[in-house]
Every structure is written in C-alpha cells, then in structure tokens.
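Chains as they are written, first to last, in this note's numbering: chain Z, 5 to 158; chain H, 5 to 158; chain W, 12 to 92; chain D, 12 to 92.
Honestly, the hints are just simulated from the structure, not real lab data.
Because the structure is a prediction, the values reported are computed rather than measured.
C-beta: ideal position from N, C-alpha, C; glycine also.
Just to be clear, a hint being listed does not mean it is correct.
[What the hints assert, rightly or not] With a Cα cut of at most 25 angstroms, we get these calculated BS3-like pairs of lysine-lysine: (1) 61(W) with 144(H); (2) 21(D) with 133(Z); (3) 21(D) with 61(D); (4) 73(W) with 61(W); (5) 76(W) with 67(H); (6) 13(H) with 33(Z); (7) 76(D) with 67(Z); (8) 144(H) with 73(W); (9) 17(W) with 78(W); (10) 6(H) with 33(H); (11) 14(W) with 78(W).
[Unchecked claim] Some but not every residue of chain Z turned toward chain D, in silico, with C-beta under 7 angstroms: (12) 42; (13) 59; (14) 67; (15) 101; (16) 124; (17) 128; (18) 129; (19) 132.
The primary structure of each chain is shown beneath.
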Amino acid sequence: MKIEIIDEKFDPWQSLVDYKRDELQNNPKIGASSVFLGTMRDFNEGDEVESMELEHYPGMTEKYLTDIVNNAIKKYKIIDGLVMHRVGHLNPTDPIVIVATWSEHRDNAFNATRAIMESLKVEAPFWKKEDTGKGFRWVKPAASQETTESTNEI
Amino acid sequence: MKIEIIDEKFDPWQSLVDYKRDELQNNPKIGASSVFLGTMRDFNEGDEVESMELEHYPGMTEKYLTDIVNNAIKKYKIIDGLVMHRVGHLNPTDPIVIVATWSEHRDNAFNATRAIMESLKVEAPFWKKEDTGKGFRWVKPAASQETTESTNEI
Amino acid sequence: MGKVMKLYIKYFASVRDMMGKDSEVIDIDTNLTVFGLWETLTLNLKSDMKVMFAVNHEYVGKDFKLKHGDEIAFFPPVTGG
Amino acid sequence: MGKVMKLYIKYFASVRDMMGKDSEVIDIDTNLTVFGLWETLTLNLKSDMKVMFAVNHEYVGKDFKLKHGDEIAFFPPVTGG
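My request is simple: use the sequences and hints to build the entire structure.
Shown next as structure tokens:
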C-alpha cells in the first residue's frame, strides 16, 4: 500500500509506474487495475477559478486514507491500493489526487477505486480554497456529503 | 479519441501519457480521468496459464471499439476516450487492454470507463486461446456474456 | 432458382478450427438468410457450438437477408478485455 | 469544580478563519464533552457554520467526553479529492 500527501506538483502516471515497478510489476495474480485521477478544473459552480489552496490535517489525513484503503482491501478483496493527494498551491490542470487499486478481477478493482474516492471525499480531512480572481472562497462540499454524525450546526 | 489494436507488448501508462500530452494535457475542463488496465494472469478457471494468443477481426473490431467509445461519450457526456487492446502472443503480467475516459466530474468518467469495458467484453470481436501447459483451449465467455441476438446453438 | 450472388465468408477462433479454414468465397442462390447460409455450410458437421453472425462488420440476427458481395463472419462469443 | 485538564485544540479552514487562530492549548474543568468545549470556545460568536469534531485524529460525536491531553480539532465538512 502507498499513501502519500504531496506538497508540490507531481506526475501521477510516473508515480504509479514507479510504485508498480517496485511492488507489483511481477505479480501475475493481478488481472485488473483501476485508476482514478482528479485534476484541477478552471471552473467551479459557474465561476472561473484561477488557482486553489489545498489544506489538510497532518496525521489525521494519513490515518484516514490508510483506513479507507485497508477497508477497501478487505471489502473488495483487492491485492493492493494507492492514494496520493496534493496539498498546497494548485493551478488548473494540476493533478489533485490519484487512486489506484489492483485485483484479480475487474469488478473488484472498479468498485474499490470508486469506494475509496467516495470515502475520501467525505472522510479525509482536506479543504479547498479557491481564488476566483474576485477573491478567495472555501469550497462547499456537495449536498450529499454535508452530514456526518459529528456535523452540527451552531 | 484513440482506438488502437497493438500486436506487440506495450507500456499502457506511457501510451496514456503520450496521448494525454498530445490531446488533453492543457484542457482545464477535465476534472476526472478514469483508467482501467487489464493484464494477463497466470491462472484462469482453476488452471495455470503459461501464455495466451489473442485474435481479432480486423476492421470489425476497430469499428465496434469506435462505436462503443462514441456511445459512452454521448451517454456519459465525457470529454474524450481511449481504448488500446493487444492481439498476438501474450505472457502473464502483459497488458491486454487499457481504457481511459476524461470528464468534468468523477461520476461520468467512472461510469463511462466501466461501461466501455462491459461493452467491449460482449461486443468487440476478440478471442483468447490459452496455453495451460497441457494444451491449448479457447477461453469461454462468462455466463452472463453468452447470449446476444445473433447467438445460436447449432 | 434465383440470381447467383458472391459471398465472402470468414471464420474466427473455434469456428475456424471446426471449419478447417479461415475464409472462403462462394457463389450461391439469392434469397438466403445468414442462418440459412450457416446451415448450408455446416450440413455435415455435428456441433453444439454457439455462433455469432456478422455481415459487413455488423452483428445481425439469424434472419438477416444476404446480398451479393456481403462479407459474412461466423465466430464464437467474444472473449476480449 | 472537577480536576483541571489540558487540551490541545486545532482549527482548520473556515473554522480557523472564524476563530482567528490555528491552535490553542487550554486548561479547563473536567467532565466536558467535545460539543461543550465548542460551545465554550464560541460563546461570543454568531455563526451557522457546520463543524466536525475530531479527537486524537478520530471523528467523534458531539457527546464524546474529553480527557486530559486530548488533541481536539474543529473543522468544516471536508472537500478533498
């Protein structure tokens, strides 16, 4: 497993190839690899976005990413998983997150990568602040992600 | 769009990066990329597999792959799609197929890549023949894939 | 007896193994369906093989009517990906 | 009045902006829940901000009881990925 928080621009495919070369290249039990890459768009909620700051909670973020991938390994019987996530200053087209899973059969890898992304979106402590050119704003989560046991209005 | 049938071992990630560099690198409308890679295992249906021959129907295969990706572009409103598929002699751990889609939002890319793979499995004319060390055998499709309008028992 | 038409026939994978060849060109009576052609070609073979039909690179149903110059392919269910 | 305990508090993102600081260490009465602590800290603030609670890097519900030495974090719903 690989979990990494990265504070400068990275090449997600190269990172994937490097990891695969080291850990997985010669594993003939792998029949399926599913990869998701999230990249920064130059628009959000109808506005142009010039750049973005991505903040995280060191320690807790890594812990949750590790738990999320371990849960996917168990639930979907995948062979291995990887999550790499940017923090810091990002520009449009910059990679934000790459998630990869490896399994014997395609169903498991597809489902695991999707599940990791969905869990990451609601559990992993990252926060985005956008510069729209007219000022900064904190990104709001999608409506479906707004409630958890520990969310409270004050 | 890129559709390619490849008759020798290839590096799927490098192919992806090359295509992205040429066609998509600077498209700031892309927020999500979903990639599936199928690789050859050294086992199938309980038996060891030493190598495999992959055959296709030149002309029809490319036509169906193109139609499948075009349908996904329309249905899932993705920005672009890629399919590269091996034919010829393969050994365990060799890449068989890479499917990639690019979209604004993750839901579309996830669904499009999955849909392309499922359609490819039942529509694209490819056939696998395995060498189990005890002889050759044609691979049978999964039970769910066995019937189409034009399938008939004789 | 109708007009004679020329058909270009291809066999793939296990169907090719069964037929013992990968292609043939035949001249045959018109008003033939793809399944009719298949029955003609396999008259002397016993097989429970599932077969799919494609004409000019498109899947077709068993009642599809053939015409002069068609390329017809017979093959088992596909197993790519 | 119970025993005094030391708490290490962190604020992130829009919660940090509202609090005007990113962390503080406080000594406070025992028998406090995480929501009780939040109410104490925001007594003079008006806000309808949604806030999430984590104690020692784990999400907790509002009734979670704090103990000496805990690291408590307050932040808005997460927006990574």
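Exercise. Below or equal to 25 angstroms on CA atoms is what counts here, so check residue 73(W) against residue 61(W).
Key: Distance of about 12 angstroms is within 25 angstroms: holds.
Quiz item: When you check the alpha-carbon spacing of residue 76(D) and residue 67(Z), does it fall within 25 angstroms?
Solution: 22 angstroms, holds
Quiz item: residue 76(W) and residue 67(H): Cα distance at most 25 angstroms?
Solution: 22 angstroms, holds
Practice problem: For the hint on residue 101(Z), just tell me whether its beta-carbon gets within less than 7 angstroms of chain D. | Solution: 5 angstroms, holds
Exercise. Have a go at the residue 59(Z) hint: is there a Cβ in chain D nearer than 7 angstroms to its own Cβ?
Key: Nearest chain D Cβ about 6 angstroms off; hint holds.
Practice problem: Below or equal to 25 angstroms on CA atoms is what counts here, so check residue 144(H) against residue 73(W). | Solution: Status holds; Cα separation ~22 angstroms.
Quiz item: Hint check: is the beta carbon of residue 128(Z) less than 7 angstroms from a beta carbon of chain D?
Solution: With a closest approach of 5 angstroms, the residue 128(Z) hint holds.
Exercise. Mind checking the alpha carbons of residue 6(H) and residue 33(H) for me, to see if they're no more than 25 angstroms apart?
Key: 19 angstroms, holds
Exercise. Using Cβ atoms only, decide whether residue 67(Z) comes closer than 7 angstroms to chain D, and label the hint accordingly.
Key: The hint holds - residue 67(Z) has a Cβ within 7 angstroms of chain D, the shortest such distance being about 5 angstroms.
Quiz prompt | Proposed proximity, residue 33(Z) with residue 13(H) (alpha carbon, max 25 angstroms) | solution = Between residue 13(H) and residue 33(Z) the Cα gap is close to 19 angstroms, so the pair holds against 25 angstroms.
Practice problem: Closer than 7 angstroms between Cβ atoms is the bar; does residue 42(Z) clear it against chain D? Give me holds or violated. | Solution: This interface hint holds because 6 angstroms falls under the 7 angstroms limit.
Quiz item: Holds or violated: residue 17(W) with residue 78(W), Cα cutoff 25 angstroms?
Solution: Holds. Residue 17(W) to residue 78(W) sits at ~8 angstroms (cutoff 25 angstroms).
In summary, this structure violates none of the numbered hints.
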